[in-house]
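**Q** So in my numbering the end of the sequence shown lands on 233, straight run, no missing numbers.
These are computed hints drawn from the structure, not numbers from a lab. Owing to the predicted nature of the structure, the values given are computational and were not obtained by experimental measurement. Think of the CB as a built atom: it goes at the ideal place given N, C-alpha and C, for glycine as much as any other residue. Be a bit skeptical, because a hint or two may be false.
[Stated by the list, open to error] Label-pair distances were calculated between CB atoms; the ranges are: (1) Tyr229 to Asn200: 14 to 20 angstroms; (2) Arg126 to Leu188: 28 to 34 angstroms; (3) Leu188 to Gly168: 29 to 35 angstroms.
[Said to hold, decoys possible] Calculated cross-link-like contacts (lysine to any residue; reagent style SDA-like; alpha-carbon spacing at most 20 angstroms): (4) Lys193 to Arg224; (5) Lys193 to Ile155; (6) Lys193 to Arg139; (7) Lys193 to Ser207; (8) Lys193 to Pro204; (9) Lys193 to Thr178; (10) Lys193 to Pro146; (11) Lys193 to Glu150; (12) Lys193 to Asp176; (13) Lys193 to Ala161; (14) Lys193 to Leu208; (15) Lys193 to Ser172; (16) Lys193 to Asp148; (17) Lys193 to Tyr180; (18) Lys193 to Asp183; (19) Lys193 to Tyr203; (20) Lys193 to Ile209; (21) Lys193 to Trp206; (22) Lys193 to Leu159; (23) Lys193 to Thr205; (24) Lys193 to Glu154; (25) Lys193 to Glu151; (26) Lys193 to Gly210; (27) Lys193 to Asp147; (28) Lys193 to Gly158; (29) Lys193 to Leu219; (30) Lys193 to Leu171; (31) Lys193 to Val182; (32) Lys193 to Val137.
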Amino acid sequence: MRRVPAAVRSHGHLSIAGTVGRRADGTIPDDIEEQTEIAIGLIAEILRLEGFDLSALVDVTSYHVDIHRHLPGFSKIKAHLINPLYPTWSLIGVSGLVNPGLLVEIRATAAYPDAA
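Please work from the sequences and hints to get the whole structure.
**A** Spelled out as structure tokens, the structure:
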């Protein structure tokens with residue numbers, strides 16, 4: 118299977134591919150809070166490797182299985198880890214993700230400071 122890059126630089130932005138809440142050992146937590154924390158943590162690690170933190174995010178889209186059931190837990194973790202006023206964020210309900218058990222996938226875009 119062809120590997121897809123986790124992030125790509127282009128025109129002053131860093132586009133981060135869809136990130137899911139899978140543990141390092143490959144297992145998938147049952148709860149939305151842990152999945153959300155892992156996914157945002159992976160995004161933070163990608164940003165750290167570029168010299169950024171989560172404040173560099175300018176646009177985020179998250180895809181949610183059973184969005185109405187899981188939104189409270191997702192929102193709690195998101196508010197704890199990311200500034201609630203920034204970045205722009207679209208939430209989309211979906212019928213499923215690539216692996217059974219995954220409840221959320223997050224893709225993000227960050228801006229390089231000189232791109233403003």
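**Q** What's the verdict on Lys193 and Gly210, does the C-alpha distance respect the 20 angstroms limit or exceed it?
**A** Judged against 20 angstroms, a Cα distance of about 18 angstroms means the pair holds.
**Q** Between the alpha carbons of Lys193 and Pro204, is the straight-line distance 20 angstroms or under?
**A** holds, 16 angstroms
**Q** Please verify whether Lys193 and Val182 have alpha carbons no more than 20 angstroms apart.
**A** holds, 17 angstroms
**Q** If you draw a straight line from the CA of Lys193 to the CA of Glu154, is it 20 angstroms or shorter?
**A** Given pair Lys193, Glu154 holds - Cα atoms ~10 angstroms apart, limit 20 angstroms.
**Q** Verify the proposed pairing of Lys193 with Ile209, using a straight-line Cα cut of 20 angstroms.
**A** holds, 17 angstroms
**Q** Taken at face value, is the distance from the CA of Leu171 to the CA of Lys193 at most 20 angstroms?
**A** Holds - the C-alpha atoms of Leu171 and Lys193 are around 16 angstroms apart, at most 20 angstroms.
**Q** Is 14 to 20 angstroms a correct range for the gap between the Cβ atoms of Tyr229 and Asn200?
**A** Distance hint for Tyr229, Asn200 holds at roughly 18 angstroms.
**Q** Hey, Lys193 versus Leu159, does the alpha-carbon distance stay inside 20 angstroms?
**A** holds, 18 angstroms
**Q** Between Lys193 and Asp147, does the CA-CA distance stay at or below 20 angstroms?
**A** Holds. Lys193 to Asp147 sits at ~16 angstroms (cutoff 20 angstroms).
**Q** With the threshold set at 20 angstroms, check whether the alpha-carbon distance from Lys193 to Ser172 stays at or below it.
**A** With Cα atoms ~18 angstroms apart, Lys193 and Ser172 stay inside 20 angstroms; holds.
**Q** Is Lys193 close enough to Thr178, meaning Cα to Cα at most 20 angstroms?
**A** holds, 17 angstroms
**Q** For a C-alpha distance cap of 20 angstroms, please report whether Lys193 and Gly158 respect it.
**A** Answer holds: Lys193 to Gly158 is near 15 angstroms, not above 20 angstroms.
Of the numbered hints listed earlier, not one is contradicted by the structure.
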